[in-house]
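One-letter residues, chain by chain:
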Amino acid sequence: MSSSHAQTNGALPHEPEKATLEGRNKVLAFWLFLGGEAVLFGTLFATFLALRNQTNEGPTANELFQLPMTAAMTLILLVSSLTSVFAVQAMHRHKVAALRVWLMVTVLLGLCFLGGEIYEFYEYVHAEKFGMTTSAFSSAFYTLVGFHGAHVAFGVLWISILIGQLYKKNLTVVTAPKVYVSAMYWHFIDVVWVFIFTVVYLLGKVG
Amino acid sequence: MDWLTTVDHKKIAILYLLAGGLFFGIGGIEAVLIRLQLIKPMNDFVSAQTFNELITMHGTTMIFLGVMPVIFALMNAVIPLQIGARDVAFPFLNSLGFWTFLFGGLLLNLSWIMGGAPDAGWTAYTPLSSTTYSPNHGVDFYTVGLQIAGLGTLIGGINFLATIITMRAPGMSFMRMPMFTWTSFITSAMILFAFPAVTVGLVLLSFDRILGANFFEVAGGGSPVLWQHIFWIFGHPEVYILILPAFGVISEVIPTFSRKRLFGYSSMVFATILIAFLGFMVWAHHMFTTGLGPVANALFSIATMLIAVPTGIKIFNWLFTMWGGQIRFTSPNLFAIGFIPTFVMGGVTGVMLASAPADYQFHDTYFVVAHFHYVIVGALVSGLLSGLHYWWPKMFGRMLNETLGKLSFWFFIIGFHMTFFVQHFLGLMGMQRRVFTYLPNQQFDTLNLVSTIGAILMGTGVLIFLINAFVTAAKPKGVADDPWEDGRTLEWTIPSPPPEYNFKQIPLVRGIDALWKEKMAGNKSMTPAEPLGPIHMPSPTILPFVMSVGIFIAGLGFMFSKEQFSNSFMSFIFNNWIVVIIGLVITFGSMLLRSLYDDHGWHIEVEELEEEGVKA
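Residue numbers (this note's numbering), protein chains in the order written: chain A, 1 to 207; chain B, 1 to 616.
Just so you know, these hints were derived from the structure itself, not from any lab. Source: prediction; values computed, not measured. Incorrect hints may have been included.
[Unchecked claim] If the Cβ cut is set under 7 Å, some of the chain A residues that face chain B in the computed set are:
#1 Asn-25
#2 Leu-108
#3 Cys-112
#4 Ser-135
#5 Ile-161
#6 Val-174
[Claimed, not checked] Straight-line C-alpha distance at most 20 Å; calculated SDA-like pairs for lysine to any residue:
#7 A/Lys-168 with B/Ala-219
#8 B/Lys-562 with B/Thr-132
#9 A/Lys-129 with B/Ala-219
Backbone N, C-alpha and C fix where the C-beta goes; we use that ideal spot for every residue, glycine too.
So that you can see chain B by itself, here it is in the shape it has in the complex (with noise of 0.2 Å):
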């Protein structure tokens, strides 16, 4: 009950953490899936249709489900520490995302066992994901429940920005802002531009397929063509909001077991920017076989391989940071210094299909599918990982073991590496990516088993991240405030795990990596911005819960209002839209007893304060 009324920021965080794991845990299970029926040619392990839906769900589940809730949970655990307050803008507002988002998640993956899943891709193509071709139900969960979660994704968007904007500790200006801190602000910036783009898509593709709308029909005079820049005017810009926090991880996790300042802060805050700004603009590179003429080609060609400017940048800072440094491989920064030349990769052939006619030949082989893999898992997920590590103390006053992390480390690059280097050549070859087998004797075969034991090999090292974190739970609780040693940045100079309102005294801040500097100066801990004061808390609250339950029962009422079912009473209460009905109640409901009893919270006083300090 404690964690369904929560509005502590780093208990939502392990919510979140929660939440994206076992999300993370069912894309995982489809990829080997994938990978094992592509193990031989002409293998019959699923059948076709399954295929598809298994790989529309791994990917829409990964991107939506998986890694965003984790990048969210590193946010949740890290920002407000990092920028030094004593919780976000807007606490209620975060439970709320993560129950929205948590109900969009499972109303997805109810799919499974209620009639089908999604089997149009993740990128949902019309005319593909038309009730023509795809008359199931499946699409319908992929709209509805995307919808929803994408809801909660918005609402911490906003949150993490006023958060970001307004409570940050005194000293601390935008430009001494931990680099985390800075690639999240930018990220959740990014949700708030790309997100409305992808609801209008999604609510236009639910009325062509519940209301009989036209937008996408050509037979009533819609157009295809209009998804693919819909969702692409938002999914471009997607790929580069999971990205810029594993780059700020990198930022933190480099400099630290480096013993040295990140170089060229200044450099990676515009470099950040700039990415985002051109993430925009760039979107229908993925359209250039859709026939949208030479002149667009060639300009999305050019605004496309311009990312790799700033994007080189940040990597040449990197390794100048590490340069010098007297560098510790702890398992935190083996997954960061694993990740630079994967991310390399990765982005090298992102030139390489940037360029249009280059782009003809790779379009729709395993040649794409490496290089997507490259940035979204090797890059991307090793980032997740080396924060995780990096973190976990903070989080859970734990140390992770550290045999455990290095091993998963090794089974997880070598694995991955496995997986998707050779599928470059796969696609080079002509293999095409979305089909469920493949003739034997083309050259395929070989390969396709490396890459399959790859996969086995990468889910063995996340199976021992797994291990290494129930093995930590059963530890005792309480390692340093500092655990690592050579912490820079706010986190490090308050309890493992932090309490619940976080710095007794918000501290003040005198530069760039603020414990550092401190350290520097000789000091042992920061200095206190305010007196020792009372403490104002806001409420647990359980509305957050029972409003998402309530946009969850609506959107199954409004996917199945047009279903005629055996039972009579199930066709009148769905056909009349009462269940739709039901559901807003509930939601709209919460909102006016929210909106009609104020929560005024509760405080901390001065005395509780000392004697826990005493205790600590």
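Okay, chain A solo, but in the shape it has when bound (with noise of 0.2 Å):
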């Protein structure tokens, strides 16, 4: 340990992800790529709009969500943004140990979110006979929310395998920017989660 422990204290600057040039890089190209990935979910969500009201005799937004049970999906997720946060501001400490402790926190968050997620599929899929081919509306929610989960679930294991890196290698500038830059996805798959809600859950009870 003394020598990673010289390595967090001594040599390593304040923000050690954007220490090199490899780092600026990571980050400047993942905010990119963020942009990239705002299309696909603002198409997916254009998609949403234009097919909300065609549920083909199927059953209707109205008689499918609880507003509860997402409500507290969405507290779920928020927290874990801000567990992440407090994750990188550990790194920026260089406080390794609770830097992977705030990663778990998040990752655990994630996962209960992801549970909560596939219980609601499930049960619209089995109680409510609403699956994948019922109507054009059942289509795009799936789609709109099965993408933003599967983002969740690669979220939980790219973090996982962050965090065992951790283990292995410390926090240095080469891990660095891989734990901002995960964090920055976490956020922006958050965010992706409150427009979600707005849009599909809320405007799907009232609208």
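Join these two chains into a complex; the hints should help.
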């Protein structure tokens, strides 16, 4: 631990993710990538808005959605964004142990969210007879919300691997940009969820 | 093996060129077959179904797999050199982008031997592309193949954006950047914002076809017009993604061979940005006859016509650059000069089509075919051929034969205008596009014959270029650093072909056209911006190739997940998504490997650099 200690306190700058050209490139390219992701979700949202009333005599949004459940999922995901901020702050203070703990909390909250979503989809398919092929509305719903869910699942896997990497390699100028970028990703899927909560669930209930 | 693992942008450029050349050849053969079918009325050279497959694959191949990689080849070969960088920002991603593109393209073309190519037109309009009207796997190859290839393009776009933003040599501000780098930069930004839209569109279409979703199925509440919106909000920017790099090439070639600075450099930059912006605003002009209503038609009509303004600025700037210059008619410059009137003609018919009421007449006739071929073949392919002739010595260290180059230009330009000029009239007389034959004595006969002969001449021009490339490959390497003698930008300051590390010392840039600036100041070479030191290089890796193979396998598995095979083992592994899972495991496994084992690359030491300096 002594060598890693020296590395974390002596050699590492305050913002280790921006210490090297590779690190700065990574952060920049990830912002660009998120721009592309925004278009991707924008298109999915547009599709959903165009088709959200085409229920083909299947269940409607108003019949399906349970707001307390989705509100709880929203809360969980918002908190996980906060914990990922704590993680990055711990990284800036070079506290590797705290960084790992906050990342683990983030992953845990992400898993809770995913569990909620899987339960929700399972209920819709089995109890409400609302599947991918039911209507244009159902196709658009599962594609938009499912894409987001897949992003959460990918994020959970990614951050889990990062935690392992932090155990193996400690906090360095190579691992720091990865942590920072994964936190950006996590905030992004959180923002997308806020839009989903508004456009899909709230609008489906009252609109 | 060296080529499978390379992360060097110059080698990746050559890979892109080879792959692009291959697909360009396939697309060209398809084009010639189409023209042979249309050589005379009531021809039965190919069947109607084959004809549908040919036009679909011709359009799809040329746009996504033919010109796109050649553009990427030029971008890879030139951008890092022009901005004075040792490499791109992400060499690993660069290689990944190439391999996913290649495997996507291979998947798409496998359709020819695996039971029928896509047949719904390159736009894959629903419901034509639904399982009802296109029951075989053709359109599945289209959706999955393009998805994978598009992934590669997106990766490439992000890479170039990051490279250009962060890796310019000291002194090279944005407003001192060479025009080709500028247009590639804007093109990459457009790729970033346009490709995710088609990604979604292809996902929705494949969900409709494979999972039975209802996005575009009217019976289930879906909307075919939605597909048109999604397709064209990508598809219209895509044509600017294609043409802007060609503008960049012309803006490099014309000043070089006029021995004059590019006229109106800053207006060129802003015209490029404006074209990109407007390119996103005009997608619905492809849909005037869909029935969006007069208000939407009027707005999109005006927005479309506005694009003529920045484009006109560019045309006049090129003319003013040549005005009073010492013009040398080398083969790259011939293609560049031929580009200008051809592109103007394509632009004028574009304004005609932008007029919504007139478009009701032109819609789905050969007039439209003539228009977009003027822009995409006459202008874009001329631009690419110009760029290839211009940078060939830099890429390969050998000059292309000038006589053959000029011969290929004349065959190409005469053949091109013969093929497509007459199609304007065919369209105005009412010949429809996408039909596999026509009745005699409608005044279509002679013009179609002329068009087909033109296509063969144009093909001959391209063949002469290929012969030229082969003849040149036999010559020894080692042309001068600045073989055209009037080079203006940084790529002409280093040996041809450049060493792995490009610049021994990163140069200091003191103005637009950095090398020209030094020449005018009486200096023989650039002033270095740094002392000679060890150069860090990324290590070669096989992972991008393996990842792409994984995606390829997963794509095939997804496509055939509903197929009933005669062999029960095949049915078992495909129907239970086992093939998809294997593919994804390969891809994600490689990603995991990549993240677990840090690769710090290697260094070229100072002594080695000095040794090579002595040799050169």
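In rising order, the numbers of the hints this structure does not comply with: 2, 3 and 7
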